[in-house]
Amino acid sequence: MMSNGDGRATAERAPTRPKRLTARQAGVLEVILKSLKERNIAPTIREIAAAMRIKSTNGVNDHLRALERKGYIRRARCVSRGIQVRRGLDGAPLRGVILATEAAASCVLKERLRQRDEEGYDDAHDDQHTEGQLARAGAAYALAAGGSPLSEAHDLWPADWDKRCDKREALQDDPRRLLVMAAALLQAEIDRLDRLEAARAAKAASATSSEAEG
1 MMSNGDGRAT AERAPTRPKR LTARQAGVLE VILKSLKERN IAPTIREIAA
51 AMRIKSTNGV NDHLRALERK GYIRRARCVS RGIQVRRGLD GAPLRGVILA
101 TEAAASCVLK ERLRQRDEEG YDDAHDDQHT EGQLARAGAA YALAAGGSPL
151 SEAHDLWPAD WDKRCDKREA LQDDPRRLLV MAAALLQAEI DRLDRLEAAR
201 AAKAASATSS EAEG
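Just so we're aligned: the sequence shown equals residues 1 to 214 in the numbering used here.
Hint data in this document are derived by calculation from the structure and do not stem from the laboratory. These figures come from a predicted structure and were not determined experimentally. Errors might be hidden in some of the hints.
Claimed, not checked - With a Cα cut of at most 35 Å, we get these calculated DSBU-like pairs of lysine-lysine:
1) K167 x K110
2) K167 x K55
3) K34 x K110
4) K19 x K55
5) K70 x K110
6) K70 x K37
7) K34 x K55
8) K55 x K70
9) K19 x K110
10) K70 x K34
11) K167 x K203
12) K34 x K19
Just need the whole structure built from these sequences, with the hints factored in.
Set out below in structure tokens:
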């Protein structure tokens, strides 16, 4: 019992306990925890199916949905290993939540790989854009995600880029997707700057070495 401040006793509210898991759900959670502990990544659905001897991936998905509904895990929809464990087998919240590919970061990485593999925007391509075009395009997508009219970000879009590459209008009703694309472009620009700095450092080191030898 506890006082509510005016002298009257009130019942102390018990902490909410998670719903109990079935044996199969607990088994799936144990497979996930083991993979995170031993490999530092979450298992794929097929790996869970093999470990639990579940014939159908649909069966695994049913268990994962139940675990998420009961508050034991959280899933990132756009990556195969995007599982975040929130509670242990005993139902207690985990200290320092175990993560396997944080959802947002994983989606950004996946988009960056898509840009490279499907659209051909690899390092060689990006290194040609030395006047901040990647960052400007990312900023244009971010503004669109924030609800700004496309006309307001018109000046941000690189003038030397094909307008057909601009997907802001097609995705104006999907702000999360726009932000993922913005973040991937910003990552590409950061990577480009890192490569540029590494090349400069290597050139300086080579020059120093040549002077020493001379």
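Does K19 sit within 35 Å of K34, going by the straight-line distance between their CA atoms? OK: K34 and K19 at ~22 Å, within 35 Å.
Proposed proximity, K110 with K167 (alpha carbon, max 35 Å): 17 Å, holds
Within a Cα-Cα threshold of 35 Å, do K167 and K203 meet the stated pairing? Violated: K167 and K203 sit about 38 Å apart, past 35 Å.
Between K19 and K55, does the CA-CA distance stay at or below 35 Å? 26 Å, holds
Take the C-alpha atoms of K34 and K110, compute the straight-line distance between them, and say whether it is at most 35 Å. Given pair K34, K110 holds - Cα atoms ~25 Å apart, limit 35 Å.
Holds or violated: are the alpha carbons of K70 and K37 at most 35 Å from each other? 22 Å, holds
Between K70 and K110, is the straight-line Cα distance small enough, at 35 Å or below? 28 Å, holds
With the threshold set at 35 Å, check whether the alpha-carbon distance from K19 to K110 stays at or below it. Distance ~34 Å between K19 and K110 Cα, so the pair holds.
Is the Cα-Cα distance between K70 and K34 35 Å or less? 20 Å, holds
With a cut-off of 35 Å on the C-alpha distance, tell me whether K167 and K55 pass. 41 Å, violated
For K55 and K70, compute the direct alpha-carbon distance and say whether it is at most 35 Å. 24 Å, holds
Is K34 close enough to K55, meaning Cα to Cα at most 35 Å? 21 Å, holds
When held up to the earlier numbered hints, the structure conflicts with 2, 11 and fits the remainder.
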